[in-house]
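Novice: So you can see what is in the structure, the chains are spelled out below.
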Amino acid sequence: MTASRKVFMLEAKNFVLGRTVLVGAVALLLFAAYGFFYGNRLIGQQQATIDEVPAVQQAHLKGIVEHGEKATVGSTAYYPFFYTVNPPTPWARFAIGQRDVNPYTLKVKMLAIEGQLYDTELTNPLTLLVGNLDASFVFIFLFPLLIIALMYNALSEEQENGVWKIVRTTTGSIGQTIAGKLAIRYLAILLITLVIFFLSVIALQLPLTAPTFQLLLVLLAYVMFWLMVATLVVALGRNSAFNATTLVCIWIFLAILFPGIANIAVNNAVPIPEAAETAVRQREGYHEKWDLPKGPTMEKFYAVYPQYRKYPIPDNKYSPGWYYAMQFSGDLESAQSAEMLFGKLGRRQSLSEMIGAFNPVITAQQALNRIANTDLSSQVRYLESVKAHHRQVREYFYPFIFENVPTPSIDWAGYPDYKPVAYEAGPLAGSVVTIGIWGILLALCALFLFKINFIQINDIQNA
Amino acid sequence: MHFKFIRTIARQEWSSVFRNKTTLVLFLVLLAVSLLAVFTGWQYVGKFNAQQAAASSEVHEQWMSQPNRHPHRVAHYGYLVFREKSPLSFFDFGLDSYVGNSVFLEAHRQNTVNMSEAGFSNGMLRFGELSMAMVLQLLVPLFIIFIGFQTVAGLKHNGVLKILLCQRASYPDVLAGKTVGLTAVTWALFLPLLVLGLIAGVASTPGAAVTDLVLRIVLIVVLYALYFLIITLMVVVMSAMSSSDKNALMLLVLVWMLFFVVLPKSAQTLGSSLFEAPGKIAFERAIEAEVSKEGDSHDPNDPHFANLKARTLKKYDVDSIQLLPINYGALVMQEGENITAAIFNKHFDQLIGTYQSQNAVSAIFGFADPFLAIRNISMNLAGTDFDSFTAFQKQTELYRFEKTKRLNEIHLTQVSFANNATQRVNAKNFQDMPDFVFRPVSVGRNLAASAASVIALVLWVVAGFAVLHFVSSKRKYQL
Chain S
38 MTASRKVFML
48 EAKNFVLGRT
58 VLVGAVALLL
68 FAAYGFFYGN
78 RLIGQQQATI
88 DEVPAVQQAH
98 LKGIVEHGEK
108 ATVGSTAYYP
118 FFYTVNPPTP
128 WARFAIGQRD
138 VNPYTLKVKM
148 LAIEGQLYDT
158 ELTNPLTLLV
168 GNLDASFVFI
178 FLFPLLIIAL
188 MYNALSEEQE
198 NGVWKIVRTT
208 TGSIGQTIAG
218 KLAIRYLAIL
228 LITLVIFFLS
238 VIALQLPLTA
248 PTFQLLLVLL
258 AYVMFWLMVA
268 TLVVALGRNS
278 AFNATTLVCI
288 WIFLAILFPG
298 IANIAVNNAV
308 PIPEAAETAV
318 RQREGYHEKW
328 DLPKGPTMEK
338 FYAVYPQYRK
348 YPIPDNKYSP
358 GWYYAMQFSG
368 DLESAQSAEM
378 LFGKLGRRQS
388 LSEMIGAFNP
398 VITAQQALNR
408 IANTDLSSQV
418 RYLESVKAHH
428 RQVREYFYPF
438 IFENVPTPSI
448 DWAGYPDYKP
458 VAYEAGPLAG
468 SVVTIGIWGI
478 LLALCALFLF
488 KINFIQINDI
498 QNA
Chain G
59 MHFKFIRTIA
69 RQEWSSVFRN
79 KTTLVLFLVL
89 LAVSLLAVFT
99 GWQYVGKFNA
109 QQAAASSEVH
119 EQWMSQPNRH
129 PHRVAHYGYL
139 VFREKSPLSF
149 FDFGLDSYVG
159 NSVFLEAHRQ
169 NTVNMSEAGF
179 SNGMLRFGEL
189 SMAMVLQLLV
199 PLFIIFIGFQ
209 TVAGLKHNGV
219 LKILLCQRAS
229 YPDVLAGKTV
239 GLTAVTWALF
249 LPLLVLGLIA
259 GVASTPGAAV
269 TDLVLRIVLI
279 VVLYALYFLI
289 ITLMVVVMSA
299 MSSSDKNALM
309 LLVLVWMLFF
319 VVLPKSAQTL
329 GSSLFEAPGK
339 IAFERAIEAE
349 VSKEGDSHDP
359 NDPHFANLKA
369 RTLKKYDVDS
379 IQLLPINYGA
389 LVMQEGENIT
399 AAIFNKHFDQ
409 LIGTYQSQNA
419 VSAIFGFADP
429 FLAIRNISMN
439 LAGTDFDSFT
449 AFQKQTELYR
459 FEKTKRLNEI
469 HLTQVSFANN
479 ATQRVNAKNF
489 QDMPDFVFRP
499 VSVGRNLAAS
509 AASVIALVLW
519 VVAGFAVLHF
529 VSSKRKYQL
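Residue numbers (my numbering), protein chains in the order written: chain S, 38 to 500; chain G, 59 to 537.
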């Protein structure tokens with residue numbers, strides 16, 4: 038065994054037997070275990086609710102039809118709700134993302150859709166504010182702290198207790214010694230990352246398909262980034278207290294302050310008055326029709342559904358065909374602000390992605406949520422699918438409404454099934470490359486600083 | 059205890075903290091962040107409230123300019139209420155971003171309050187929002203740690219403590235002096251900032267209740283002062299217990315993580331595991347089941363409504379509803395409304411009760427984590443708390459019920475049963491109805507709701523001094 042190899046092994050032994058590694062790893066494992074439990078519980082509850090929906094829908098429709106026995110389809114059609122669900126992807130257990138905030142079941146009537154689309158799930162707002170302690174939180178938020186704890190005194194401790202001077206005078210290559218000390222820490226942290234990720238695959242039953250490996254890829258890039266941040270600070274060659282303070286400050290800046298400021302900036306830059314406007318317009322657009330002549334309302338409806346022109350609409354009294362045409366024109370009149378609302382959401386998303394490019398913590402979090410399909414875009418896709426379902430339900434019932442057939446004579450469950458949104462693999466390369474570039478830049482700076490501060494030292498006496 | 063020594067040591071601490079360049083740099087950073095937070099928060103709340111007020115007045119105008127309509131159509135036309143943020147919400151965002159901002163009020167249905175900020179944002183919001191309260195709750199403690207970690211441990215390290223103790227100063231005097239000095243620094247740096255920020259923000263909000271606001275501001279300032287004192291006590295104690303300043307710093311940073319990241323999340327997730335709240339579907343189904351048991355207004359054979367019919371016919375001494383002087387349809391509808399509203403309110407109160415139990419776990423954790431205590435109090439006093447939102451929900455539901463009831467009364471007395479399909483009622487009847495005005499939770503009730511947290515803070519101060527006293531009496535911590 039060569040001398041340098043021996044030194045390396047000794048260092049490895051010292052490091053691994055040190056209390057920090059054990060305490061840090063165990064603490065993180067405990068949090069991860071809790072995160073697994075939490076993710077499984079929350080998503081499990083959502084899944085259980087979703088599983089109940091078909092039975093609820095069936096019983097609901099049955100009750101409505103029984104009540105409407107003597108009525109026509111046109112008047113019974115006012116009552117039923119049609120349920121839609123947004124089932125979690127297998128990776129939602131890993132990164133809950135916005136799934137706790139956004140509704141994952143929505144029920145809509147055949148009435149104007151815009152007023153029904155934004156119903157919220159019942160949740161405790163304080164729980165939402167505090168946020169989820171899921172596996173992604175452990176990796177994004179807590180893992181950097183472990184890295185800080187294991188890295189901050191990599192070199193400074195030995196400088197402080199005087200060992201460093203002996204090392205300098207006895208070792209052949211100081212660069213190699215530094216590389217060895219860092220490599221041991223890198224390896225240990227990488228190992229912990231892999232172990233916890235492996236455990237999460239088992240505990241959360243993540244399927245061994247592409248998205249799981251994408252999660253791992255993002256996490257490895259992210260861990261690498263933080264290793265480089267810590268390495269850079271170590272390379273400054275200051276004392277332990279300075280290193281720890283600086284690293285904690287960087288962590289607070291990247292994980293708390295920066296997103297806090299960025300969030301306000303995004304909300305200020307893209308306000309959403311359309312949210313209120315859509316509701317106001319839809320309500321007015323529909324209700325004013327009651328007091329207007331029926332002709333123009335029907336024309337708007339016929340423009341989209343010309344096949345119903347053949348049914349007469351009495352001019353002086355109520356008819357179901359007219360009622361649903363009024364509902365439809367409520368949606369037509371709010372369509373523009375509804376579209377602008379979705380457009381604004383898209384702008385918020387792209388703006389925050391742009392800002393995120395300056396902060397790998399945000400990039401990584403968004404990438405995980407995207408992989409898990411638990412981000413804002415996934416929710417918008419869900420809302421769009423609800424709109425599509427609303428349309429196919431309406432279009433299924435329109436003929437019966439215009440024909441004015443009796444309620445029991447049609448198949449109320451015969452409307453096309455709701456199709457949940459399929460998994461969408463978002464673009465990922467950009468995020469990984471962004472985090473990677475940050476890592477490489479930091480690594481280069483660190484290398485440069487090591488050269489200045491540790492290797493080419495002119496004042497050897499006080500090194 | 060020698061007050062002269064305490065004062066000397068405090069003064070010495072004060073000047074040594076200010077001599078340190080790090081203090082200045084950190085303070086400038088925090089000052090910049092606080093100003094940014096106050097300004098953006100104030101700007102955001104102003105913009106948001108203007109947006110909500112505009113929508114509100116649009117809806118009100120539409121309501122007032124309604125043509126003559128059938129009252130039940132008006133009941134379905136309904137009303138939209140837009141929630142405005144409280145005058146102090148720029149200081150502490152609290153739950154504001156996670157609760158809905160508008161609610162549609164109509165007959166027969168209790169809609170959810172929709173369109174929350176969180177629903178329209180991506181994950182970035184979940185890292186936390188930058189408000190002045192966040193700076194004071196999270197970052198100022200870190201500031202105190204950074205300027206104070208070496209306060210006693212440093213003296214041990216360089217041997218000055220021994221010299222001090224050999225003179226006439228006792229260890230309790232040293233620790234008390236250090237605490238006073240550091241507290242004075244923190245108070246001097248941050249309390250004026252807090253007062254100015256609050257007053258500047260409030261002054262630009264016209265039409266707020268002045269005495270209420272002044273009371274809230276005074277309470278906020280006093281309680282944050284206590285909070286800073288608690289953190290300072292903790293820093294001095296841990297610094298005194300550590301053998302070196304490096305250890306003190308590590309220990310304090312660890313405690314910070316525990317208090318600000320680990321415990322808050324654990325407490326809330328524990329709360330929601332202990333007290334399981336129903337999801338929306340379960341909640342609605344429970345109400346439906348109970349309503350259909352009580353009486354189903356759509357079912358002609360329902361016993362409850364058959365009974366109502368018999369009673370009404372007897373009261374007016376006629377034998378068919380067509381002969382009644384009132385509109386029987388409206389009577390049935392109001393009866394249905396009474397039943398569903400009562401059952402909904404019962405279930406809603408249960409749900410709120412479950413949420414309150416969940417939140418109580420966090421409040422109890424305030425005895426183990428002062429951050430949780432101040433977070434709770436601060437939200438309460440800023441009017442961005444759970445109770446304020448619940449009050450909004452309850453008041454809008456009450457307004458919905460009253461409005462529907464009045465419309466049903468118009469329907470009952472002014473629309474004849476025979477002409478029900480075509481008759482309309484003069485729009486003046488609807489214009490007379492009052493607009494919705496939110497009555498904020500009073501400061502007394504807010505304070506009562508955070509009583510546990512206030513007690514926790516006071517206990518923390520007492521415990522802090524007790525531990526300080528204990529540590530100062532131990533010889534091993536003097537070395």
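Because the hints were derived from the structure by calculation, they are not lab data. Please read all numbers here as calculations on a predicted model, not as lab measurements. Be aware that a few hints might be false.
Stated by the list, open to error - Mimicking DSSO-like on lysine-lysine, the simulated pairs with C-alpha atoms at most 27 angstroms apart in a straight line are: (1) S:146 <-> G:486; (2) S:331 <-> G:463; (3) G:338 <-> S:424; (4) G:220 <-> G:486; (5) G:486 <-> G:463; (6) S:107 <-> G:367.
Novice: All hints, please: hold or fail.
Specialist: For each hint, the structure was consulted:
1. Between the alpha carbons of residue 146 of chain S and residue 486 of chain G the distance comes to roughly 32 angstroms, so the proposed pair goes past 27 angstroms and is violated.
2. As the CA atoms of residue 331 of chain S and residue 463 of chain G are separated by approximately 30 angstroms, the hinted pair breaks the 27 angstroms bound.
3. With a CA separation close to 20 angstroms, the supplied pair residue 338 of chain G and residue 424 of chain S stays within the 27 angstroms bound.
4. Pair hint residue 220 of chain G plus residue 486 of chain G does not hold up; C-alpha atoms about 87 angstroms apart against a cutoff of 27 angstroms.
5. Between residue 486 of chain G and residue 463 of chain G the alpha-carbon distance is near 17 angstroms, which keeps this suggested pair within the 27 angstroms criterion.
6. At most 27 angstroms may separate the alpha-carbon atoms for a hinted pair to count; residue 107 of chain S and residue 367 of chain G meet this at roughly 21 angstroms.
Violated hints for the displayed structure, listed by number in ascending order: 1, 2, 4.
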